[in-house]
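Undergrad: Those protein sequence lines, which keep their order, are chains A and B. The first sequence begins at 74 in my numbering and counts up by one. The second sequence begins at 74 in my numbering and counts up by one.
Simulated from the structure, these hints should not be mistaken for laboratory data. Quick caveat: nothing in here was measured; it's all calculated off a predicted structure. Heads up, some of the hints might be wrong.
Given that identical chains are not distinguished, each listed pair holds provided it fits within a single copy or across any two copies.
With a straight-line cut-off of 30 Å between C-alpha atoms, the simulated DSS-like cross-links for lysine-lysine are [as the list claims (entries may be wrong)]:
#	residue 1	residue 2
1	481	311
2	487	308
3	297	487
There are 2 protein chains.
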Amino acid sequence: MGNLKGACMFGQSGGPTSVINASAAGVFTEALAQADITGVYGAAHGIKGILNEDFYDISQEDKGEIARLKTTPSSALGSVRYKLKDFEEDETDCKRLLEVFQKYDIRYFFYNGGNDSMDTCSKISRYLKKSGYECRILGVPKTIDNDLYGTDHCPGYGSAAKYIATSMMEVYLDARVYDTGMATVLEIMGRNAGWLTAASALATYEGYGPDLIYLPEIPFEIDKFVSDVDAVYRKSGKVIVAISEGIHDKEGNYVAEMTVHQHGKDAFGHVQLGGAAAVLTRILGQKLNIKLRSIEFSLLQRCAAHCASLTDVNEAFMAGQSAVRLAIEGKSDCMVAFERGRGPEYRCETTLVDLGEVANKEKTIPREWINKEGHGLNEEFIQYARPLIQGESYPQNVNGLPRFAQLKKAPVKKG
Amino acid sequence: MGNLKGACMFGQSGGPTSVINASAAGVFTEALAQADITGVYGAAHGIKGILNEDFYDISQEDKGEIARLKTTPSSALGSVRYKLKDFEEDETDCKRLLEVFQKYDIRYFFYNGGNDSMDTCSKISRYLKKSGYECRILGVPKTIDNDLYGTDHCPGYGSAAKYIATSMMEVYLDARVYDTGMATVLEIMGRNAGWLTAASALATYEGYGPDLIYLPEIPFEIDKFVSDVDAVYRKSGKVIVAISEGIHDKEGNYVAEMTVHQHGKDAFGHVQLGGAAAVLTRILGQKLNIKLRSIEFSLLQRCAAHCASLTDVNEAFMAGQSAVRLAIEGKSDCMVAFERGRGPEYRCETTLVDLGEVANKEKTIPREWINKEGHGLNEEFIQYARPLIQGESYPQNVNGLPRFAQLKKAPVKKG
Numbered sequence: 074m075g076n077l078k079g080a081c082m083f084g085q086s087g088g089p090t091s092v093i094n095a096s097a098a099g100v101f102t103e104a105l106a107q108a109d110i111t112g113v114y115g116a117a118h119g120i121k122g123i124l125n126e127d128f129y130d131i132s133q134e135d136k137g138e139i140a141r142l143k144t145t146p147s148s149a150l151g152s153v154r155y156k157l158k159d160f161e162e163d164e165t166d167c168k169r170l171l172e173v174f175q176k177y178d179i180r181y182f183f184y185n186g187g188n189d190s191m192d193t194c195s196k197i198s199r200y201l202k203k204s205g206y207e208c209r210i211l212g213v214p215k216t217i218d219n220d221l222y223g224t225d226h227c228p229g230y231g232s233a234a235k236y237i238a239t240s241m242m243e244v245y246l247d248a249r250v251y252d253t254g255m256a257t258v259l260e261i262m263g264r265n266a267g268w269l270t271a272a273s274a275l276a277t278y279e280g281y282g283p284d285l286i287y288l289p290e291i292p293f294e295i296d297k298f299v300s301d302v303d304a305v306y307r308k309s310g311k312v313i314v315a316i317s318e319g320i321h322d323k324e325g326n327y328v329a330e331m332t333v334h335q336h337g338k339d340a341f342g343h344v345q346l347g348g349a350a351a352v353l354t355r356i357l358g359q360k361l362n363i364k365l366r367s368i369e370f371s372l373l374q375r376c377a378a379h380c381a382s383l384t385d386v387n388e389a390f391m392a393g394q395s396a397v398r399l400a401i402e403g404k405s406d407c408m409v410a411f412e413r414g415r416g417p418e419y420r421c422e423t424t425l426v427d428l429g430e431v432a433n434k435e436k437t438i439p440r441e442w443i444n445k446e447g448h449g450l451n452e453e454f455i456q457y458a459r460p461l462i463q464g465e466s467y468p469q470n471v472n473g474l475p476r477f478a479q480l481k482k483a484p485v486k487k488g
Numbered sequence: 074m075g076n077l078k079g080a081c082m083f084g085q086s087g088g089p090t091s092v093i094n095a096s097a098a099g100v101f102t103e104a105l106a107q108a109d110i111t112g113v114y115g116a117a118h119g120i121k122g123i124l125n126e127d128f129y130d131i132s133q134e135d136k137g138e139i140a141r142l143k144t145t146p147s148s149a150l151g152s153v154r155y156k157l158k159d160f161e162e163d164e165t166d167c168k169r170l171l172e173v174f175q176k177y178d179i180r181y182f183f184y185n186g187g188n189d190s191m192d193t194c195s196k197i198s199r200y201l202k203k204s205g206y207e208c209r210i211l212g213v214p215k216t217i218d219n220d221l222y223g224t225d226h227c228p229g230y231g232s233a234a235k236y237i238a239t240s241m242m243e244v245y246l247d248a249r250v251y252d253t254g255m256a257t258v259l260e261i262m263g264r265n266a267g268w269l270t271a272a273s274a275l276a277t278y279e280g281y282g283p284d285l286i287y288l289p290e291i292p293f294e295i296d297k298f299v300s301d302v303d304a305v306y307r308k309s310g311k312v313i314v315a316i317s318e319g320i321h322d323k324e325g326n327y328v329a330e331m332t333v334h335q336h337g338k339d340a341f342g343h344v345q346l347g348g349a350a351a352v353l354t355r356i357l358g359q360k361l362n363i364k365l366r367s368i369e370f371s372l373l374q375r376c377a378a379h380c381a382s383l384t385d386v387n388e389a390f391m392a393g394q395s396a397v398r399l400a401i402e403g404k405s406d407c408m409v410a411f412e413r414g415r416g417p418e419y420r421c422e423t424t425l426v427d428l429g430e431v432a433n434k435e436k437t438i439p440r441e442w443i444n445k446e447g448h449g450l451n452e453e454f455i456q457y458a459r460p461l462i463q464g465e466s467y468p469q470n471v472n473g474l475p476r477f478a479q480l481k482k483a484p485v486k487k488g
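So here's chain A without its partners, still in its complex pose (with noise of 0.2 Å):
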């Protein structure tokens, strides 16, 4: 493969995470350095900035707000959920991008997301090779839900696991000191894989998690729920479940879509405010004479960086890195994923995987790795998750409060 000189572009797609900019800060970092590199742009929101022909001049950003990318939350340059036009059906996406890649001779294009924007990417690379124009494409993987196939986890998801294991702990002090009884039920992320929800057991593990966890590979089932919990409290008086956003029964209905009539019995009819969480607690209320308490670990799971992971950042970061050398090694076309390394010790390297693999697969958790029983996680799973959780990575600290990057957005020129 030969050398290919031009412009790179980079862009951030789908739902924040606590990394995702550290992978932003490896693509940079990376591509400042390469020669075949000519200039460095960071999409608007994704897809939608290059459409609009609104992306930045990395070129112009400090070097030490772009190393500081590496503790700052959220996307920095915007993201975006937009699905691109099919161009066999409608061309007029695929051609734009095409005159704004031979406008800025964009011959190497790197795009942060999931499975969607990994679809994103294929459709492009197709219309690209379909039109004749030379430019590589490489996906760089990320999703606090860890559903993506074909990479052993995504980054993302470590630091979310360790914020959602840590939280748990403190929340088991905290719900442990009265001496009366109480039940507390947790809401976790993650709608069709309960990788998330599963990361709780860490805590478990350490002596200080939830008695039960309820995720959305196994049917729910409200009956054996309610004597699952009414089980535990009989037991020890206290009681902490976690569950998944989108545990549902054998039917495929939503447990947060269920509501319960409101003089006693259950009746699955109109939707409620709240999350399964409530819909839960509410149940137990009417079946159980207990203390019951509901808390959603909300958006904070996937944007406290306060918590995050210092291996989980080091890999979101390596990701960016690994794309932009592959892609100057003539790589394209895929999206970079994670291996474990045999052994003992846990080490991660790079590898690559088709994008037209990942775009249209989920991965959820093994059946083996959850109890038998469908309420907790086995040794399996804390081998595979523990390690990604290795590691604290603080924001430097200003005034108390984090110091979070700053970058210029120095606009490209139009030509």
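Fit chain B to the given chain A structure using the hints.
TA: Leaving out everything else, chain B in the frame of chain A:
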């Protein structure tokens, strides 16, 4: 005041904070070092543990674990919400207490809590005096609410404030990733005093905080709230609102207990599930056509030792330590309080305030620290609060998660 030899009893009362155990560490460390103190006991679940003769021999604890209490949230000995019977009406409780104090020769009693706990101390003190039993009683302040009278601020507040401001900054970044409009309503603890919610202004001061802040100190007007939100939204397309759980209208009706008629108009009737943020989000949804999100920081704000203020931790320890020293010097019937030294540099010194004065008062935010419009904080508040969140107290992490204190809790032998 002469020497007084005897055992000391320490108890924890009321809701958890990140630093209540730091005060315990202060009391224990100092008491174990005092020659006049012949035994150091920790009551299980506060006053209840004393009444039940259920307490621990702290001299048997490992010194390392006592030190680790400084970074362990919640109440390591267990807490209680128990209203001691007035001895004028029913002598049972106080009589039993005297009996236990006599049996174990308890001559020093330290009680860590809020104004209810100071009321308890005050009752005990009066009863013991009446009975001619010599015992020195000192309260150690504690509340995330920061509403205790007679002290510049309360241990527990700084850490909760730091967590709230930090999380608010992270939520701010999260809320800005898309270029689409959005209003976020965040609910923060505080029934009658807005100190915790006001802490979110520290984030605004750094450039990453709420646009609007509503406190229980200012009567809440729904129409004004809606038009405030609308005005910010029209200008920037993004609004972040921080509200106290205790906001209420001028008649004293809590917003959390208001209900919105399901078909479009406001109607205040039945109590609905969910707090004030949920109610306001529903109202905004009806009045304004914008994307909405509500978040409750919930109890994470009072137990997040992973994001504690080092200033707060050290002051909480100092409060406990001072209580013991002052009692040895002969002081009694007071609560240890904080005074801010004059001068440009923040200094915190301990002083004493009468138990009776603390018991029945609540300190709210001065009107002049709140902006004219009643939806934000002035510089005076920032100057007040900022020193309290300085410095980071990180628990030691093992396996990527906090290693909390593990007390032996050796029971005191019933002699």
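Undergrad: Hint by hint, note whether the structure agrees.
TA: Evaluation of the provided hints:
For a Cα distance limit of 30 Å, the shortest separation of residue 481 from residue 311 across copies, 21 Å, qualifies, whereas the shortest one inside one copy, 51 Å, does not. Proximity of residue 487 and residue 308 under a CA criterion of 30 Å is satisfied inter-copy only: 27 Å between copies versus 69 Å inside one chain copy. Taking CA atoms no more than 30 Å apart as the test, residue 297 paired with residue 487 passes in neither setting, with 62 Å inside one copy and 44 Å between copies.
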